[in-house]
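Peer 1: Make the full structure from the sequences, and use the hints.
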Amino acid sequence: MDIKKHILSLFENKKCYSCQQDGHFFCPKCANDLEKYSPYCYVCKKYSKGFMIHETCSQYIPNISSIVVLTHYKYPIIKRLLKLGKYYNKPGIYGDIIDGNRDFFIQESQIQNSVLIPVPMHFLRRWKRGYNQSYIISKELSKNLDVSVNTKLLKKNKYSKQQSKLKASQRSKNLNGSYKCNPQKNIDFKSHIYLVDDIVSSASTLEECALILKKSGYKNISAICLASD
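If you read the sequence shown in the numbering used here, its first letter stands for residue -7, the second for the next number, and so on.
Any given hint might turn out to be false.
Stated by the list, open to error - Below, in silico cross-link-like pairs of lysine to any residue (SDA-like), each with a Cα-Cα straight-line distance of 20 Å or less: (1) Lys71 / Gly92; (2) Lys211 / Lys131; (3) Lys207 / Gln176; (4) Lys7 / Asp91; (5) Lys131 / Ile179.
Think of the hints as simulated: they come from the structure by calculation, not from any bench.
Peer 2: Printed below as a string of structure tokens:
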């Protein structure tokens, strides 16, 4: 982690990357005006209340009941913001996006009374980046929606290639054996678990995490992401 860069970022003069207003990386108005998804099944892309995976589509994503997605990664402002948040030491961007879309997450998910599990990052990659963006997103959702976050239940114990640099056909194999579940006394096996990530594409990362959780006894698993690719 570049400590100097991190310290400088704390004193950075924030301006909205959309309208240039002072005070935010993404001001409340621009965040709220973001074009959002209507509820749909992540597999067939057809309407589905609560972003549930249709029963007929569940063979393709068998371990996750729903994938809630805020918006599409194709929008230039979202692509820019998520790249800045992930790779350029601006994690405050995630809070701005979530603060401006609090109502969406309340209305379109069953996140209340659930447990948020950020998709874990291998400690070497986290050390290099300085933070796990999925954890930052989870914290912001927790703050806005009054739900708990747990970082001990799921760990990444294998250093693997970045999914974004692989073909869809390579992604599942790349993650084999990457994650480990450590059952927690304070998380009942009947709890509704939401895996949290920034971007979902093939959903192979979410599926691998969900598979490990299900093998350990957790059956009610959903996911929530800021954008789909």
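Peer 1: Each hint needs a verdict: does it hold in this structure or not?
Peer 2: Verification of the hints:
The straight-line distance between the Cα atoms of Lys71 and Gly92 is roughly 17 Å, inside the 20 Å bound, and the hint therefore holds. About 23 Å separates the Cα atoms of Lys211 and Lys131, which puts this hinted pair outside 20 Å; it is violated. For the suggested pair Lys207 and Gln176, the alpha carbons sit about 14 Å apart, so the restraint of at most 20 Å is met. In summary, the hint linking Lys7 to Asp91 is supported, as the alpha carbons are separated by about 16 Å, within the 20 Å threshold.
The suggested pairing of Lys131 with Ile179 holds, with an alpha-carbon distance near 18 Å, which does not exceed 20 Å.
Hint compliance for this structure: hint 2 alone is broken.
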